[in-house]
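Protein chains in written order, with my numbering: chain A, 1 to 874; chain B, 875 to 1171; chain C, 1172 to 1375.
Derived from the structure by calculation, the hints contain no laboratory data. Note that CB positions come from ideal geometry on N, CA and C, so glycine has one too. Treat the hints with care, as some may be off.
[Claimed, not checked] The list that follows gives simulated cross-link-like pairs (lysine to aspartate or glutamate, EDC-like), each with its CA atoms no further than 20 Å apart:
{"id": "1", "chain 1": "C", "residue 1": "K1280", "chain 2": "B", "residue 2": "D898"}
{"id": "2", "chain 1": "C", "residue 1": "K1299", "chain 2": "A", "residue 2": "E37"}
{"id": "3", "chain 1": "A", "residue 1": "K108", "chain 2": "A", "residue 2": "E583"}
{"id": "4", "chain 1": "C", "residue 1": "K1182", "chain 2": "A", "residue 2": "E228"}
{"id": "5", "chain 1": "A", "residue 1": "K110", "chain 2": "A", "residue 2": "E583"}
{"id": "6", "chain 1": "B", "residue 1": "K951", "chain 2": "C", "residue 2": "E1278"}
{"id": "7", "chain 1": "A", "residue 1": "K75", "chain 2": "C", "residue 2": "E1293"}
{"id": "8", "chain 1": "A", "residue 1": "K6", "chain 2": "C", "residue 2": "E1259"}
{"id": "9", "chain 1": "A", "residue 1": "K621", "chain 2": "A", "residue 2": "D637"}
{"id": "10", "chain 1": "A", "residue 1": "K607", "chain 2": "A", "residue 2": "E622"}
{"id": "11", "chain 1": "A", "residue 1": "K75", "chain 2": "A", "residue 2": "E100"}
{"id": "12", "chain 1": "C", "residue 1": "K1299", "chain 2": "A", "residue 2": "E622"}
{"id": "13", "chain 1": "A", "residue 1": "K6", "chain 2": "C", "residue 2": "D1257"}
{"id": "14", "chain 1": "A", "residue 1": "K680", "chain 2": "A", "residue 2": "D695"}
{"id": "15", "chain 1": "C", "residue 1": "K1260", "chain 2": "B", "residue 2": "D960"}
{"id": "16", "chain 1": "B", "residue 1": "K951", "chain 2": "C", "residue 2": "E1364"}
{"id": "17", "chain 1": "C", "residue 1": "K1239", "chain 2": "B", "residue 2": "D960"}
{"id": "18", "chain 1": "C", "residue 1": "K1182", "chain 2": "A", "residue 2": "D592"}
{"id": "19", "chain 1": "A", "residue 1": "K211", "chain 2": "C", "residue 2": "D1375"}
{"id": "20", "chain 1": "C", "residue 1": "K1348", "chain 2": "A", "residue 2": "D207"}
{"id": "21", "chain 1": "B", "residue 1": "K951", "chain 2": "C", "residue 2": "E1259"}
{"id": "22", "chain 1": "A", "residue 1": "K6", "chain 2": "C", "residue 2": "D1325"}
{"id": "23", "chain 1": "A", "residue 1": "K6", "chain 2": "C", "residue 2": "D1321"}
{"id": "24", "chain 1": "A", "residue 1": "K79", "chain 2": "A", "residue 2": "D791"}
{"id": "25", "chain 1": "A", "residue 1": "K760", "chain 2": "A", "residue 2": "D791"}
{"id": "26", "chain 1": "A", "residue 1": "K764", "chain 2": "C", "residue 2": "E1213"}
{"id": "27", "chain 1": "C", "residue 1": "K1280", "chain 2": "B", "residue 2": "D879"}
{"id": "28", "chain 1": "A", "residue 1": "K764", "chain 2": "B", "residue 2": "D879"}
{"id": "29", "chain 1": "C", "residue 1": "K1182", "chain 2": "A", "residue 2": "E37"}
{"id": "30", "chain 1": "B", "residue 1": "K951", "chain 2": "C", "residue 2": "E1282"}
[Unchecked claim] Calculated Cβ distances over 12 Å to all of chain B for the following chain C residues:
{"id": "31", "residue": "E1213"}
{"id": "32", "residue": "V1223"}
{"id": "33", "residue": "E1259"}
{"id": "34", "residue": "G1263"}
{"id": "35", "residue": "D1274"}
{"id": "36", "residue": "K1280"}
{"id": "37", "residue": "A1281"}
{"id": "38", "residue": "G1292"}
{"id": "39", "residue": "E1293"}
{"id": "40", "residue": "R1304"}
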Amino acid sequence: MAANPKAVHNSIKPGRWVRSTCKMCLHSCTNLIHVTEDGIINTVEGDPTNPSNRGKLCPKGNSAIMRHYDPNRFKQPLKRTNPEKGPNVDPKWQPISWDEAFDIVAGKLKEALADDPRRIIPSLEDFQKMNIWVWPLAFGNFNFFQSGGTMCGGAYHPVNGYIHSAFAAANDAKYCNFWVNDGTGDGFSSHLHAAAQSYWVANARVDRGMKCVTVEPRLSISGAKSEEWVPIRPATDRHFALSLCHVMVSERWCDFAFLRRDTNAPYLVGPDGYFVRNAAGKVYVWDETVGQAKLWDDPTLGKLALEGSYTVEGKACKPAFQRFRDILAECSPEAMEKITTVPAATVRRLAKQLYDAAEIARDSKIEIDGRILPLRPAAYNYYRGAQGHKLGFQTNHAFKMVNFLLGNIDAPGGHMGVTLDDQWVEHGHIEPGENGMIKPTPHQLGPVPPFSWPPQTFHLMDYFPVGVHPPHLNLEVFMNPEKYGLEFRPDTMVVCHSNPLWAMQGPREKWFEFMRSMKFIVVSDIIPTETTQWADVILPSHDVFESWNMTMIEPPHTEGMCMRQPAVPPLYDTKSEEEIFTELADRLGVLDSYNQVLNFALGFVNKPELMLQPGIRYTDKEIARRKGLLWNGQDLDWYMEHGHAVTERRNDKWYRPWEGLRLHFYIEDMLKQRDDLRAKMDAAGVPYRDTWAWDDYQPLPTTRLDPVHEEPPEYDLYGIFFKDIQLNFGESLSNPWIQDIVYRDPVHIAFMLNPQTAAKKGLKATDILKVESPYGRIYGRLGLSEGWHPDTLGVSNSLSRAKGKLGGVKHAGGHFNDLLPYDLRNTDGVTGQPETVCKLRITRLDDWPQFLKDGGSVYDLVDEIALPGKGRKH
Amino acid sequence: MATRDLPIVGDSFAVGYRFQRYWDTPMANAFFFGELGAGLFLVSLLCGFAGGMVAGLLITGVLKSWFHLSHMGVPGKSWRAILRPDRSWVSRGLMGIVGLMGFGGLHALVTWTGALAPDSAVALLLQLAAAASALVVMTYQGFAMSHSTAISLWNTGLMPVSSLLYAATGGVLLTLAAGWNGFLAMAPDLRSALLTGALIGLLAIAMVLLSLLHAAHHGSPGGRKSVELLTRSYFAAWFWGVVCAVGLVVPALLLAFGGEGFGTVALAAAAMLAGYYAYRLLIFKAGVFEPIMNFRP
Amino acid sequence: MARYGMVFDLKRCIGCNACVVGCKQENSLPDGVFFTRTLSQEYGVYPTVNRVYIPTLCNHCEDAPCQKVCPSGATYTRPDGIVMVDPEKCIGCGSCAVACPYDQRTELKAESFKAGLFGTGEVTPFEKQGYVRFTPGMVTKCDFCSGRVDAGLDPACVVTCPTDARIFGDLDDPNSKASRLIRERGGRQPLPEKNTRPKVYYID
Ligand SMILES: Nc1nc2c(c(=O)[nH]1)N[C@H]1C(S)=C(S)[C@@H](COP(=O)(O)OP(=O)(O)OC[C@H]3O[C@@H](n4cnc5c(=O)[nH]c(N)nc54)[C@H](O)[C@@H]3O)O[C@H]1N2
Ligand SMILES: Nc1nc2c(c(=O)[nH]1)N[C@H]1C(S)=C(S)[C@@H](COP(=O)(O)OP(=O)(O)OC[C@H]3O[C@@H](n4cnc5c(=O)[nH]c(N)nc54)[C@H](O)[C@@H]3O)O[C@H]1N2
Ligand code: SF4
Ligand code: SF4
Ligand code: SF4
Ligand code: SF4
Ligand code: SF4
Ligand SMILES: [Mo]
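The following block holds chain A by itself, in its conformation from the complex:
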């Protein structure tokens, strides 16, 4: 770019441009960093050469400079000198040297490790650095305190692992013409690479006329940009999806050819729910052409039956598809409307629109790279809000079912599996499984601990064989350790790049007790947060402009590696996370096993010359170099020139990468997992085995209600939260540029309610409210908008920060997560997915409660933001 010595605009002042990668959220848009001749970072722009974000950055990505120069950053290791701990208690930090810091931390960890490695409880959350995430495996610790992946994807990731053998999923913006967005900001405000995906989706909408329908309790950004907003009562999305399926199946609006050919829908299911197999374990199907049962791989197969009842090997059986039909019998749109509030006529119309848009009747085809593929340009997309419910596994499965019926799984224009990180170019993510099906990979985030009684993990991960770690259960177990047979208590916490005290559901006060029970807490972060407030030692890390990395996380339409390199030397006496954790591993005597864990986790085992060797402490730069080499054989100098190795996703990996195998329409493995776990629990005599949530294990989704709908009737509203594009969780709020826009956006400054509901309750905008769930309470001012389902009260993440030294963050009177349950009743027995919606009742107050005014709460009272006509003061 042209440099102009007299320039007033930052980007054209004399200086140099450094290619790097954003990390203002967990995704990885690449960027260009401008460093002035005086060594000051004065601009960050998107990298136009990246086919993912194409020069674009979201507001968070644009505000990275403010994070870098934040005067509140940790500037050197710190030691707590105030033994008293609390959310409002000044830790009285004392600066110490790195040597002293490592001495203290390694000493405490060694002590715990020598006694019982289970005493250590890690919370290591950086999605861009899975190498830090897996650090506890180096000493065999499976405790888990970080919240990532559960509140959002506890059930989502395992189900994607079953259906696509992938981590995430998204609709194919390249060809999709009809996009249903259920409970996600994908393509508009959040989820996958917000900056990149909103570009792809905007082009599809405006250039190709793609139609969008948003199913959500609120008129979100996605809703506002859609042709249609379908308001839905929270936590009823499964019922909505099943009602769509009901109509599609009864109207025969399905891609039957796909179901027969590419899925296990024709596999015969016996009365016990298992497939009917011959002695050799081969599954039967029913050949309609000749009217007899055959094995799935019989070369003489004619047309496979999807419906009907048969008897094979002496067992009454039905094709899996028929089983689903039987469930759908009770899912008429009229019946489901009573639950979802979505009018039956709307459901019928949407089913038809989906069917028509998917071009099934025409059986449209498209040629891509010489392959003739089915074109199915209509798809059902969903995420956090839609799936984050107690019966999460079934809920995800129900959404997939709509896509199955549309025949669009991994088809051009359809619903696609999105991998977390392919690791190297040729790496396919599909492997063949048994009986012609793909091999399911529910554990997308690495190995899970084996069954054990008494439990070896504090959050009971021993009993979630399909799940993602349910960290909220730490609190449940903490409150009732005897009940769960715990023989240890974690008391040494290691946190890096994670803010569980913000992110976790359940009342803060109880989490504070949990934190108080810790003997030692070490936190590595770059700025103060709710969690750093509790630390005994702070190990400050470099920020994104000061360190190396190589990653690309969940890119829907692209693949590759994005390089992070230091644009400037560290501002302060900080270290990279790699340096911190290899140093600790070394001092704990587990460096070799850590390197070996990394060889597996980062895929180096696949290229032996890249494998980390024992006894060596690898730097962030060296790890980055090897990851780059693993991807495409290019060394760092190549990456420094190109910035990234991102290309559009290879079509053979993107479209039907499982060609020739069958997909799991019917997830028989649920029953195996259930029976296996039950057998183990029985054998071990686990005392609570009879009350375990066995009914949650279902090979097909059912209409069972989530328990949130069964709370006492005085809780007459539903409460939801949401992420918009300006915020990374609540975290970016300490950034002045983000504050400047967020506190001026009406949706982010008040508890949102529909005016009709407010009128019924005699409430008006700006009224002070007490909002209570059966689990907790919060306070705030009321905001009104027609864009809300009348049953729903919404709380933006911007209103949910607890007190503490969070540089300039405006606090509201509570945190939404205080309202959420953290118990087993509200946890999916299959995956550990917690419920993220709650029931509420609200009361108008004449004034703020005294304890908030006194400042005697963990929340600060900030009253200026939601008053009429004010916005944020300036």
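Take the given structure of chain A and dock chains B and C with the ligands to it, following the hints.
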């Protein structure tokens, strides 16, 4: 929903009416003292009341300038404000102030020192120039406001008229109060003429205010919003209570029925000035920008 | 000579305000100061309700009232139509601010330069290198990133916009993307009744 039903959105990122927040209290003070000083000067000049002339000059010269400078973002460069009289009423007004201070001051000086005969041609010329400058100062702010197409409440020819009337009436009442037991005691005709003038002024102001509200209400949605703010919502109590009741009705009643006496006139003057000041402030506060677009069906 | 203008595609805009932050970054704007804002408007009644996002910035009016009232000559128009404010000349009188029908003028209060973006009184190196271009107390606004335009680049807010909702171009060139969009999709100017002849168009 019509544009006029859009809300006031303050500084939030929503479509609606936004308060003008650039000209506020210091500017209201400057306007008030600038006009009042010039009005007092002019009335005193016409009455030959030297004390009032000097007081008027001081009010404009010191108070107005001080508040104006305190409003200015870059006071050190405020001399530049004079550069564009061809298009800017602010420049013209500034020239008016310079003229008023120069001619008026000179006039006061020469008459006071007796350097020139009061009826000499030069003195008359000075008087004329000072009077003309005073007129400019009394009205230019109204012109500056009326030229803002942005704020419908202000965008009317009635703005300079209201400035002129307020300034003149304020000048008359101040002259009356200041001269009541002084030079006016000796000039009963002038005194009753001034009394009548004040009453007429108050009446005229009332009519101009009514027309102003009427014009704004029918001018544009933003104008209507401003009128609503002044008469029915945020500022209604101040507008009806202070601008109208205290500022117009009370002095008019006092002057008409309060009997003649210093106390009455002083009270009337004080009330009128309070109303005048409130008017200056509220007319700024109630100024709103129109919503940039309206998408409501 | 080009005549620069901007088109906002309201179908594309998702109200993310990346443009706003990008502009703050490019221009080193103090806290609470905006050269551009994206506003939202909700209309209709549940359940047939919608929301539109409307980006706004200085319209670089051809008949710019802000320029007309400026007593110091600080506001001027470049030959390419960009309306500029000269920080050397502006006295901060605010006349332009009350004359702009679009509320696009902004005061750069002297205090905010001292308080710093974090409000701690600590001014970051980023701010230090950027604030030198302004005179504290002046009133200013978007300049279409004139320096970038001179260097042949699009404005910062345009470049970063994740949905390409902002299209910058030469309105005199009938083949520019901006002109084409205005023609094909019927561009509307904001508040045409104010007779300012904005060079900003909205398409929806
Ligand atoms: N900008 C931004 N992007 C992000 C993140 C971020 O913090 N900020 N975080 C990243 C992470 S870790 C995740 S998990 C993803 C999540 O990305 P999303 O899935 O988009 O997450 P949310 O906004 O939490 O939830 C989506 C929507 O669900 C709605 N909702 C809540 N309850 C219900 C319900 O019961 N039913 C339905 N239908 N809708 C409901 C909310 O209104 C919300 O708009 O985003 C990733 N990307
Ligand atoms: N109310 C509510 N609760 C939620 C959610 C919600 O939307 N609303 N979302 C849920 C979801 S989906 C998730 S995934 C979780 C997320 O929960 P967390 O992953 O805990 O999310 P963050 O708050 O972003 O915490 C990340 C931390 O990393 C720090 N950090 C940033 N950059 C660096 C760096 O370079 N180095 C180091 N060492 N640290 C850094 C940040 O300062 C921050 O403290 O929250 C869950 N909880
Ligand atoms: S989506 Fe995430 S990675 Fe991309 S620009 Fe925004 S914050 Fe950065
Ligand atoms: S960056 Fe683009 S999409 Fe986002 S608010 Fe600005 S104009 Fe709209
Ligand atoms: S939009 Fe306002 S500031 Fe910009 S040129 Fe027009 S009148 Fe001047
Ligand atoms: S504030 Fe500056 S630019 Fe605006 S009118 Fe006054 S001198 Fe001109
Ligand atoms: S054109 Fe430049 S100065 Fe104007 S709003 Fe966009 S980024 Fe800001
Ligand atoms: Mo998440």
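Do the hints match the structure? See the list:
1. K1280/C / D898/B: The hint holds at about 14 Å.
2. K1299/C / E37/A: holds, 14 Å
3. K108/A / E583/A: Answer holds: K108/A to E583/A is near 14 Å, not above 20 Å.
4. K1182/C / E228/A: Roughly 14 Å separates the two Cα atoms, so the pair holds.
5. K110/A / E583/A: Holds: K110/A and E583/A sit about 13 Å apart, inside 20 Å.
6. K951/B / E1278/C: Roughly 16 Å separates the two Cα atoms, so the pair holds.
7. K75/A / E1293/C: holds, 15 Å
8. K6/A / E1259/C: It holds: about 15 Å lies between the C-alpha atoms, which stays within 20 Å.
9. K621/A / D637/A: holds, 12 Å
10. K607/A / E622/A: At roughly 15 Å apart (the allowed maximum being 20 Å), E622/A and K607/A satisfy the hint.
11. K75/A / E100/A: holds, 15 Å
12. K1299/C / E622/A: Roughly 35 Å between the alpha carbons, so the hint for K1299/C and E622/A is violated.
13. K6/A / D1257/C: It holds: about 14 Å lies between the C-alpha atoms, which stays within 20 Å.
14. K680/A / D695/A: Cα-Cα ~17 Å, so holds.
15. K1260/C / D960/B: holds, 17 Å
16. K951/B / E1364/C: Violated, at about 35 Å.
17. K1239/C / D960/B: holds, 9 Å
18. K1182/C / D592/A: violated, 55 Å
19. K211/A / D1375/C: holds, 15 Å
20. K1348/C / D207/A: holds, 14 Å
21. K951/B / E1259/C: Holds. K951/B to E1259/C sits at ~9 Å (cutoff 20 Å).
22. K6/A / D1325/C: holds, 19 Å
23. K6/A / D1321/C: holds, 12 Å
24. K79/A / D791/A: violated, 48 Å
25. K760/A / D791/A: Satisfied, since the Cα-Cα distance of roughly 12 Å is no more than 20 Å.
26. K764/A / E1213/C: holds, 18 Å
27. K1280/C / D879/B: With Cα atoms ~33 Å apart, K1280/C and D879/B exceed 20 Å; violated.
28. K764/A / D879/B: Holds - the C-alpha atoms of D879/B and K764/A are around 17 Å apart, at most 20 Å.
29. K1182/C / E37/A: With Cα atoms ~41 Å apart, K1182/C and E37/A exceed 20 Å; violated.
30. K951/B / E1282/C: Distance of about 18 Å is within 20 Å: holds.
31. E1213: Contrary to the label, E1213/C does not stay out of reach of chain B, its closest Cβ about 8 Å off (not over 12 Å).
32. V1223: Its Cβ does come within 12 Å of chain B, the nearest being 5 Å, so this is violated.
33. E1259: violated, 8 Å
34. G1263: violated, 2 Å
35. D1274: Contrary to the label, D1274/C does not stay out of reach of chain B, its closest Cβ about 4 Å off (not over 12 Å).
36. K1280: violated, 8 Å
37. A1281: violated, 8 Å
38. G1292: holds, 21 Å
39. E1293: Nearest chain B Cβ is 24 Å from E1293/C, so the label holds.
40. R1304: holds, 15 Å
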